[in-house]
Structure formats: C-alpha cells, structure tokens
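Asks: Go by the hints and put chain H onto chain F.
Going line by line, the protein sequences match chains F and H.
Using numbering that gives the first Met the number 0, read the first sequence as starting at 0 and increasing by one per residue.
Using numbering that gives the first Met the number 0, read the second sequence as starting at 0 and increasing by one per residue.
Hints are computed from structural coordinates only; laboratory data are not their basis.
Accuracy of the hints is not assured; some may be wrong.
Unchecked claim - If you only want the chain H side, here are some residues facing chain F, beta carbon under 10 Å, derived:
# : residue
1 : 1
2 : 23
3 : 164
4 : 238
5 : 263
Here the structure is a predicted model, which means the values were calculated and not measured.
We treat Cβ as the ideally placed atom computed from N, Cα and C, and that holds for glycine.
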Amino acid sequence: MPKIRPERLTMPVQDPKERRRNFREVALGFTPELAREEAERCIQCKNPFCEDGCPVHVPIREFIDLLQRDDPQGALAAILRTNALPAVCGRVCPQEDQCEKLCVLAKRYQPVAIGRLERYVADLARDAGRAVAPRRPRGPRVAVVGGGPAGLTAAGTLAGFGYRVTLFEALHTVGGVLMYGIPEFRLPKDIVRAEVEGIQALGVEIRTDAVVGQSPTVDELLEEGYEAVFLGTGAGLPRFLHIPGENLDGVYSANEFLTRVNLMGAWRFPEWDTPVRVGRRVAVIGAGNTAMDAVRTALRVGAEEAMIVYRRSPAEMTARHEEYEHAVEEGVQFRFLTNPQRILDDGEGRVRGLEVLTMELGEPDRSGRCRPVPVAGSEHVLAVDTVILALGTSPNPVVSRSLEGLEVAEWGGIRTDEHGATSRLRVYAGGDAVTGAATVILAMGAGKRAAQAIHRDLAQRGEAVGG
Amino acid sequence: MFKILHKRLLTGVTKLFVVEAPLVARRAQPGQFLIVRVREPGERIPLTIADYDRSAGTVTIVVQEVGKTTRLLGALEEGEAILDVVGPLGRPAELPETGRVVLVGGGFGVAPLLPKARALKERGVHVTSVIGARNADLVILEEELGARSDRMLVATDDGSRGRKGLVTDVLRDLLDAGEVVDEVIAIGPMIMMQAVAEATRPAGIRTLVSVNPIMVDGTGMCGACRVTVGGQTRFACVDGPIFDGHAVDFAEAIRRGRMYRAEEQEALRVWEAAGCPR
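Just chain F, with the same shape it has in the complex (with noise of 0.2 Å):
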C-alpha cells in the first residue's frame, strides 16, 4: 500500500486582498488533478465511522471509490441517493464535527477532505448538466411548508417514494436560508438554484408566495387531500439585546442586512431596487457562522472597516474555524470579551459608537462555557456608525399560532417526537422551527427523517404510495 499523505490538499482560494471588495466565491473548488489525489487519501475502511457522522448518510466511502475509479458521474449518484443538496453541503456542512471528524486517518493525520470532495462531484456534473428525467409521480399528495434545507430535503425525499408534493414557501424566491441568509461568496445562488431545479425534476411542485399559516392554513391544507405536512418554517424573529439605542437608524439584525444584500441584491442598489446602508466603520455583535457572514458582506458592501464584538472568548465562539479564518485574512478585527452596552445617538437618531464594558472569564456557566463577568469601570466607546446584530433567532410564530392543537415548547419551538411527528396528526415539522437556529446539514435531516416517517404512516394506514 502506497504511503498516505499525511495533509490534506488545500483547495485554492481567492485572494483575501482581492476578494474582501467582491461578492465572488471564495473558495474556488479542486482541479481534477487535487480531487484525483485527495480520493486517494481515503484508505475504504471496512467500517466507515465518517458516514456515521452525516445526519443524512451519505455513501462517503463509496462515492471516494468512485472517484478513485476516475467515475465522477457515478459518484454523484450515489451522493444524490441520500443527499439531495450536494453542492450546498459540500460548501456549507460543517464537516470538522462531523464526517471529517470521525475519518480513521484524523487520528494520526489530516481527515480525507470529504466536504471538498463532495462539493467537486457537484460541481463537476452541474457543469456538465445533470441530465435527470423529469419524473410526474402519481402518489399521495403531501405539502411541504418552508423552501429551506429542511423542507427541500423533506420534499425531495418524499417524491423519491412517490408522492405528489406541493412545496408552499412564502418568499419570492425558494431555498430559505440558502438564499437570504447565507452570501453569494459563500454559496454562489446559481448553484442552490441548480439544486433546486433538481428538486423540481423530481416532481415537486412549488408555489411561492404562499405564506402557510395565513393562507393557507395548514387545516385547510389536510382539508384539500394533503395526506400530510410537514412544516419546516425555519428561524423567525432576530433577537436583539434591549440595550438603548437599538431602533437608531443605522442598527440591523443579521437577518435584515443579510436579506437586504443576498436576497434582494442591494449590493446592487440602484440597478437593483432595494438598498442597504452601511457606514465606515461597522460592528456586528455576535460571533457565530451568521456573524462572520454579516461581517464579511460589511467589507463587500463598502465599510472601511468591521469588527466582531464578543462577549467571549475565542475559545466559545460557534463559527466554522475555516469562516474565522476566512474573516481575519480579510482584515475582519475581532474584539473579544466585550459586551456591548448601548448604542448612541448623534442627536439626529443615528448611530455614532458602540459603549461597550471589558469581560473576563469567570466560572462555567450551564452550557459548559465559562461566563464572561464585566470588568469594573471598563465602559469605552467603539466608534462605529452600523450595529448588526447577530445573536440568533427565535420561532416565527405565524404557523403555530394558526394551527389549533399544535404544542410548542416554551420558547415557542415546535414540538416533535425524535421522527419529527407534532401533536397534531398528519403533521410533522423538522429544522430550526424546531430545534432553533442550528445548521443546514441539521435541518436536513430532519426533513429526510420526517419524510421517512410521514411514508411509514400512511403506509400504517394504508395511505402510502401502493398502499
């Protein structure tokens, strides 16, 4: 057997001075000649543990196989059985905790690049077009209620066994936080609408500008001959810290100046219609994957400079390494253990800084991180003139609190059992709408978990496709 290569290949990237003024992905993807010698890193367990690690249970070593055999259209088939975003999962999973993470060769070298393999597969048979028949099933019908990784997944899925699925989402355009969420340096939107259409070439009908909840509701849903439906509304309204000064012109949620930029195309205001202000100097609060996003688009978008405020330390930070990585090489400062305080006001409802209190690590508190505690007399300004802020999301409440019966958890989450079944027969739900704002991957196992369920159901009442 050959020596392994103890590192991985690294995948070529745009250069951090050029791109921290441009909306062009960032990573570029391997050449062949890179994906060839990747491959030949995995070593095909007997036992693949990286496949445990992928919540929809891609066929990792199989499709490695496949490339190894110089078979890249073979391989994307195999990933296409289980997953149907693989271009999306390929850029955006985080493999270091999951398949990378439980890869044989982790425990003496670098883990197979199975994300970047993956993502190549994709790329490389959407280049040169996924030639898929498209397919008019003739089963049940079941609604999907979200056009986010959750719910594609769920209909995607469900279309596979046969059903005749309706996907309703509410914005103009489907792919949920694919679209407005995550930026085009990141996740090119050619490549989710790409996906997207394969989705479609299931079956899967979609209909957008639906806002299910208001009209339709989901009663009226199962009332039409919607078998079931599965609700996969995603994460709702932004927090915000109630700290003065929050409603200042000049103060976003992550969401609003993501939407703004990545959905509506303000970054080409006013070609494009809808715009978005960003002043010289910007903080975003925050220091998940969300916030490096929102950062990063400040630079692209025209702010001198921009900075993370965080009340932790880099140690609790939830973004992706290779996202922090990303942001430090384009000039993102980072200032931790530093809890904003409130928001000035220049005297005409603008903000002019950012008060802010020095932290220092105290005891652990209950999520097992330690507790930032003020350091007395600390206060000092940042002066900036944008506040995003970027400390999650809590549920939309438009579907839940339309749909009688449905139990929600304190914080407004919808309930499910470990299938993703509710409270309310025929309806499931999966994705941050139920978990809270987590990851793509994570909600698209949900969807795919759901979808399996809402086929062994119906079959149980000999409802389901053939049933």
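Replies: Below, chain H alone, put in the same frame as chain F:
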C-alpha cells in the same frame, strides 16, 4: 404573476387596482396587509389591503406614487400583472361589536378604511367616517366610504371641500360637541395618526392606528419593521400592523420611516435619468 383586472385613477398620483389573488382574498380580513414586488429585480413593499372580494378571488390595493417602486406600480395597466403579491399578512383588526366608532383616514389611508367600515356596519356599529386631503381634487373614495358609513365628514386644508382644516379638527369638533365616541380607528400618514392619538388621549378613547414601517420580507424574519409600543419592541409584520395609538412611539416610527430617504431619492433620480424604463 398576479393579474390586474381593474384600474382606477383616484387622483393624479393615487391609483386603485383590483388584482386577481385568490389565496389572499380567501382569508383576508380588515386590517391586514400585502407585500408586493412589481417586477424583477424589485424591492418588496408593504401595502394595506384596501378591500377584498372572496367570491371573485380579488384584492384591492391603493397606491400613492411617491418613489420609483410606487411609480412603476402605478404605471401598470389593466391586463398587466404584478410579479409578486403575498398575503394576507399581519393580524386582523380587533373591531368592536357594538357602540359608536369614528374612522379617520388621511391621504390614501382612506382606502383601507373600506373593509373596516363594511365589517362594522354588518355588526350594527354606528360608523362616522372622517376623511381629509389637501384639496377637493385629492379627496378619495368619499362616495364608497360614505355608502358604508352612517355619517361622512370631510376636511380639506384649503376648504375646497367640507370643513377647512385637518381631520383632527373635525374629530375635535365632534368630541367638543359632547359626541359619544367609543373607539377611533385612524389610518394615514404617521404624523396624522399621531395627531389623532393626541386628540383622543385626554378623553381616554381607545384609538387604533395602522403603522406602515419599512419592511423587507414582511413575514416575521428580518425585524426591519420594529416599532416601540408601550416601551416594548414589537414587529409590525407579525404583531401588528394595528397597535394602540396611545402607546406607539410615533417620533421613532416617523424617523425610522425616513431612514432610506437619500437612497429613495437616488433610485428615483437614476431611474428618471434613464428615461423611467418599465
């Protein structure tokens, strides 16, 4: 696409459209709103539902042309279509079952009073409508609203129609005359709703207003529409758009509504310089 079945000019810059939107029409209730996108790559703007017809599957909207998007919308003709119409959004108005109500409308805010007047009349509530505009030519929907009201009062700034003055002057006249008013519902420019709320505050008359902040998605995701009500941050798109007028922080709401004024003017200027392309 949502087809325009009927268009009517209410004033030179105020247009009424009846739009085919069955999903919206079948569940629309007084007080709710829509999000509209006129064309690619357009912005999403909120518009109050001016009326609806469930059996015909239509909704009525009234647009006042002030910027690029509203002018693009206003330029659409019968038979043409609006790219996106989403709704009904927001909570319905909690209308009283009995008593005497005064509806106050300013500018194109008169339009969304129509479904409220109809719903109130159906319940047997006594409805007085007070509408206002700068001059007689700008008074809209007087006949339609009048047909659904027990009494119709008009005010114009120049006195060319009805009482000379503001709608709040008419409202004050009523209150000063000792009229029994159980509730006031005001829709119009923020500054007008603020003035109405101030007029009814001394007597403690319940006063509902329909706020119209800047929105992006309009479905409870972005938080752009936050309004301070009774010291609490509320989201107009899912908590409103109707709030207690005595609790709304109007000064903040007015300021936030102007946040993008410079950009709005720039968009209009660039568009006009290009010859106002459709």
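Asks: For every hint, state whether the structure bears it out.
Replies: Now for the hints, and whether the structure bears them out:
The criterion of a C-beta within 10 Å of any C-beta in chain F is met by residue 1 of chain H, whose closest approach is roughly 8 Å, and the hint holds. The beta carbon of residue 23 of chain H comes within 6 Å of a beta carbon in chain F, closer than 10 Å, and the hint placing it at the interface holds. At its closest, the beta carbon of residue 164 of chain H sits 30 Å from a beta carbon of chain F; the interface hint therefore is violated under the 10 Å criterion. Among the interface hints, the one on residue 238 of chain H holds; its C-beta lies about 9 Å from the nearest C-beta in chain F, closer than the 10 Å criterion.
At its closest, the beta carbon of residue 263 of chain H sits 8 Å from a beta carbon of chain F; the interface hint therefore holds under the 10 Å criterion.
Of the hints listed earlier, the one the structure fails to meet is number 3.
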